[in-house]
Amino acid sequence: MNPRQCLPRVRLPRDQVDGNTAAERDLHITPYELLLDKKYFATTVGLLLVNRLSSKTALYLSIALSFVSILIGFGLSHGSRLYPWMGVILLPMLLLILLPLPFYSRDGYLVTCFIVIVVLAIIFRVYVYRYPASMIGLDPDGYAYWVQGVMETGSIAAVRDSFYLRAPIFEVFPAIIGLIAGVNAPTAIVVYPALTGLIFPLTAFLIVRRLTTDAWSKVAVVAAAIAGFCKVSTILSYQPIAQTFGVLQWCIILVLLLGYIQTRDSRRIVPIMLLFIAAIFTHKLPPTLIVALSVVFGGMIVAVNGLEKLDWAIPNYKKGISTSRVVFTVSLLSLILYIQYFHVGGLGIRMINRIVFLFQPGSESALYTPSPSYSNAVQIQTTVTSLLLRRGHGFVLLPLGGISGLILVVANRRDETVFAFAAVSVASLFILASLVDPSIGGVGRSLYVAEPVLAALVSIGFLRLLPSLFGSGRARTLLFSVGALLVGFIIVAQIVSVTVALPDRPTDYRTYLNNDELAGKRFANEHVTGDIATDSYYASEGTIRSISRHEKHEYQHFKLQFLFNSNMSALESRYLLIRPNVYLYRSSNGIYRITWDMNQKLSGRYNTVYTNGNSVLFDRGEKQIVS
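In terms of this note's numbering, the sequence shown opens at residue 14 and continues consecutively.
Be careful, since some hints might not be right.
Unchecked claim - Just the calculated beta-carbon pair ranges, DEER-fashion:
# : residue 1 : residue 2 : range
1 : L345      : G603      : 21 to 31 Å
2 : D174      : Y73       : 46 to 56 Å
3 : G626      : L419      : 21 to 31 Å
4 : W609      : I128      : 35 to 45 Å
5 : V391      : L151      : 18 to 28 Å
6 : V495      : L401      : 42 to 52 Å
7 : A146      : H540      : 12 to 22 Å
8 : L151      : P412      : 27 to 37 Å
In case anyone wonders, no lab produced these hints; they're calculated from the structure.
Beta carbons: idealized from backbone N, C-alpha and C, even for Gly.
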């Protein structure tokens with residue numbers, strides 16, 4: 014008996030019947046029937062109400078409401094904090110797009126939905142990047158200072174780093190944009206959050222297209238939504254570093270390699286090699302991962318071809334790329350990577366020395382030193398809850414993506430699926446290596462490169478493969494529901510982690526300066542000629558104005574004996590610049606909360622030169638009040 018006959022007949026609008034994709038027609042039960050079947054989904058009142066609207070009306074309404082959601086987030090965060098509002102709005106914003114998705118059947122609707130997801134991903138990142146009075150984090154400050162120097166001098170000599178002086182593409186690219194647009198370096202660097210918001214969802218979408226037969230599919234749109242708001246790519250887009258541009262290059266190379274494996278078109282080798290060479294002169298991790306991916310994938314293909322020659326061929330495996338092509342590509346990429354490691358910045362020698370160090374006795378104590386104790390500061394301990402909130406995106410996305418990739422390899426034996434699984438495997442290996450030695454790349458940065466691939470795999474695995482494992486209507490209904498719940502769980506985990514990682518969460522140290530704090534630094538920069546001491550973050554965070562003028566003001570750092578022990582004798586500078594409302598500080602051993610009132614104690618001993626409530630400048634000399 015046809016499973017369709019087991020369901021009550023429902024009259025659907027014509028655009029929902031005639032516009033179904035080929036993949037949906039192949040299923041015994043379409044998603045529309047699943048969602049509209051009162052026998053199984055009697056409580057989905059909202060979805061039944063949506064069915065009364067036309068698909069076009071539902072689409073435009075969901076788009077309008079999603080933009081209203083992000084505008085509400087802008088309004089709530091304006092003049093207060095990014096946390097939690099800019100994280101809270103992500104969930105309703107995505108749900109408003111994705112929940113009505115089963116009712117969109119025509120390609121035009123799916124194209125519109127995908128474009129909206131990309132636009133929202135770009136807007137979110139650009140808003141967070143432009144929100145603070147300063148840049149977010151310390152590394153972007155240094156890069157912006159170099160970019161401004163390149164713009165003013167027209168030479169990469171302004172890049173003051175031995176590696177990036179030889180690999181300056183991250184600095185040169187926004188410098189060119191800044192010169193063309195006539196803006197300063199911090200403004201020009203907005204290109205990185207904008208490009209990340211575009212390329213990450215696009216990469217996930219294209220991977221789904223390569224691994225499935227649909228030109229446009231709802232699975233690809235869901236994958237784009239997950240990749241558009243993955244945690245690490247979101248954080249490192251509005252806090253851009255050199256790896257940000259390197260990962261964007263990795264994404265493009267990944268898609269080109271996947272196309273090359275699928276079509277075996279040698280013309281794709283030229284753009285692959287050009288982008289790979291560009292990655293060599295951008296950052297060290299992405300090109301290393303590309304070569305590692307080529308080696309792992311090549312090993313898998315050689316093994317498959319070897320089994321075939323031994324008459325132990327894998328059943329139903331669709332052979333694609335040949336062993337000779339794999340060996341040639343791996344050899345060429347490895348040769349180019351050798352040039353980076355031993356002729357661009359001396360990475361090879363440093364890596365060899367690092368490996369030798371790790372195998373020496375006592376290296377464990379050097380890598381992991383116990384945290385000291387202080388009399389007037391308490392270390393913020395990492396609890397299981399905080400660990401889950403900060404790392405929940407990885408705990409959820411990585412294993413579920415790996416399982417989906419493995420199911421895809423078993424169910425669809427093709428070179429393309431093996432390649433996608435190899436990409437996730439290589440990222441996982443680097444994550445494990447980073448747990449042993451964080452200097453290798455770090456857990457978060459290693460997961461960064463896997464996020465678009467994982468987004469594609471979980472979408473295909475749980476929304477396409479899982480429901481197709483059984484032919485009966487009831488089992489397929491159940492598996493489709495389970496898959497949708499798993500994808501929803503992944504989206505929620507990403508959003509929670511993004512929210513917790515916003516740069517001004519009260520339980521973490523804030524990684525940008527507000528207007529009052531910048532005003533204090535501007536006053537000190539313009540009116541004080543002697544040495545100024547302040548906390549390490551306040552000392553290193555530059556103002557937009559000083560960066561755009563290519564001015565760098567040197568500040569002394571408070572010694573830990575003063576900051577964490579309230580030891581006044583540790584002060585050496587005449588001028589002291591403090592943030593009286595900040596109590597969380599970061600040191601090499603972790604984050605500490607001071608238990609004494611720095612402003613009150615200093616006010617009793619030194620003269621207040623300047624104060625605006627959030628920034629106070631003290632002087633041991635003649636008293637002068639400026640407010």
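Hints, verified against the model:
1. L345 to G603: 21 to 31 Å: 44 Å, violated
2. D174 to Y73: 46 to 56 Å: 49 Å, holds
3. G626 to L419: 21 to 31 Å: Between G626 and L419, where Cβ atoms are some 56 Å apart, the hint is violated.
4. W609 to I128: 35 to 45 Å: 54 Å, violated
5. V391 to L151: 18 to 28 Å: 24 Å, holds
6. V495 to L401: 42 to 52 Å: Given about 22 Å between the Cβ atoms, the range is violated.
7. A146 to H540: 12 to 22 Å: 19 Å, holds
8. L151 to P412: 27 to 37 Å: Given a distance of about 33 Å, which is inside 27 to 37 Å, the answer is holds.
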